[in-house]
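Please take these sequences and the hints and turn them into a complete structure.
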Amino acid sequence: MIEKKDILGMALHVFKRSRGIPDKRLLHPQREWAIGLCVFLMLLIGGSVVSAQLFVAYQNIQVDGSDSVAKVPKYNKATVAEALEKYGARQASFDLAKQTKAPEVRTDTQGQGTTTDTVVGEGDVVQTETAVTEETSVPAEEVEESEEREDDPVSLDAS
Amino acid sequence: MGYFAYRIMLSGAELREQTIAIENNNLLQKKYSELETLLTDTHQERSTLSQYILTEERTINFLTEVEQIAQQQNVQLTTDSLTVNEEKGKEFNALVIKFTLLGGESNIKNILRTIETLPYHSTVEELSLIRKNVSTEGGTGFTGSLTLSLSLIKP
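Line by line, the protein sequences are chains R and D.
Residue 72 in numbering that gives the first Met the number 0 is what sits at position 73 of the first sequence, and the numbering runs on without skipping anything.
Residue 154 in numbering that gives the first Met the number 0 is what sits at position 155 of the second sequence, and the numbering runs on without skipping anything.
Just to be clear, a hint being listed does not mean it is correct.
[What the hints assert, rightly or not] The list that follows gives simulated cross-link-like pairs (lysine to any residue, SDA-like), each with its CA atoms no further than 25 Å apart: (1) Lys108(D) x Ala91(R); (2) Lys89(D) x His42(D); (3) Lys97(D) x Lys131(D); (4) Lys76(R) x Glu44(D); (5) Lys73(R) x Phe91(D); (6) Lys30(D) x Gln17(D); (7) Lys153(D) x Leu38(D); (8) Lys89(D) x Tyr74(R); (9) Lys76(R) x Gly88(D); (10) Lys97(R) x Gly87(R); (11) Lys76(R) x Thr47(D); (12) Lys70(R) x Leu37(D); (13) Lys85(R) x Tyr119(D); (14) Lys97(D) x Ser80(D); (15) Lys70(R) x Asn25(D); (16) Lys89(D) x Thr146(D); (17) Lys131(D) x Thr99(D); (18) Lys85(R) x Thr122(D); (19) Lys153(D) x Glu64(D); (20) Lys76(R) x Leu48(D); (21) Lys85(R) x Lys153(D); (22) Lys76(R) x Thr54(D); (23) Lys131(D) x Gln75(D); (24) Lys85(R) x Tyr51(D); (25) Lys131(D) x Glu66(D); (26) Lys108(D) x Ser148(D); (27) Lys153(D) x Ala82(R); (28) Lys85(R) x Thr47(D); (29) Lys153(D) x Gln43(D); (30) Lys97(D) x Glu64(D); (31) Lys153(D) x Thr47(D); (32) Lys73(R) x Leu34(D); (33) Lys85(R) x Val123(D).
[Claimed, not checked] Sample of chain D residues facing chain R (criterion: CB under 10 Å; computed from the structure): (34) Ser10; (35) Ala12; (36) Leu14; (37) Thr18; (38) Leu37; (39) Glu44; (40) Gln72.
Hints are computed from structural coordinates only; laboratory data are not their basis.
All residues carry an ideal CB built from backbone N, CA and C; glycine is no exception.
This is the structure in structure tokens:
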């Protein structure tokens, strides 16, 4: 049970510590200023760090456009030139072959043979007479003269 | 301050999207100009090269030309079949034409030489000739079949 002397003893203890004068001040300038400056510095440093990060992030915006943009096809000039040369030569050969005149042929209705007029050189006409022919089957892509027809003057060169 | 940072981040994201769009547009313009230059520089070569590849529109003219060549060489030429083989995975289809030939020996040789040198991307797939006594304008000669395969531009 607390008695009066206990309460007095506590009061004396408090007053003795403060020399009997109670601390009536509410503000402590140095303390308040220190606390305020610390908070301000912390906000300043934090904001600077965030701002720097944002700046760096948006300063170097790298665009990888190689996949999104359409690609230009490569033009192989050497291959095209080679093809043009080859087919140009082929065109020339074709034109030359077209100009080759076909021999005029007359059929002899009285006999079994036929007479062929072949125009060679400048107006010279050579007459060749062919004998009766017989049917000979030949393999594909190659024409061979039949051995049975020894008297056949027509010979075919396998080209 | 946090609010300001948030607004800055939003604007920054928008800035990034616009920057990417501008860069892509610039790249596209650059590639377009490159392609346009390439097309202009190679126009003559490409048009010459395209003449050597047959198209469906020119097929009839080609057949007419072959028939005219046969007439000039006094060879009876008949077109037996005309088929288009679609080649998947390849740039051209194959036009396969089968002809039947009938004429004199030298006439047949001339027309074969002419067909072999046709100014088209083509190959003679098969050729067979039979010597026989046939009553034709060319007299005694050969009859046979020829299979020609030409590259055809895909439609």
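**Hint numbers contradicted by this structure** = none
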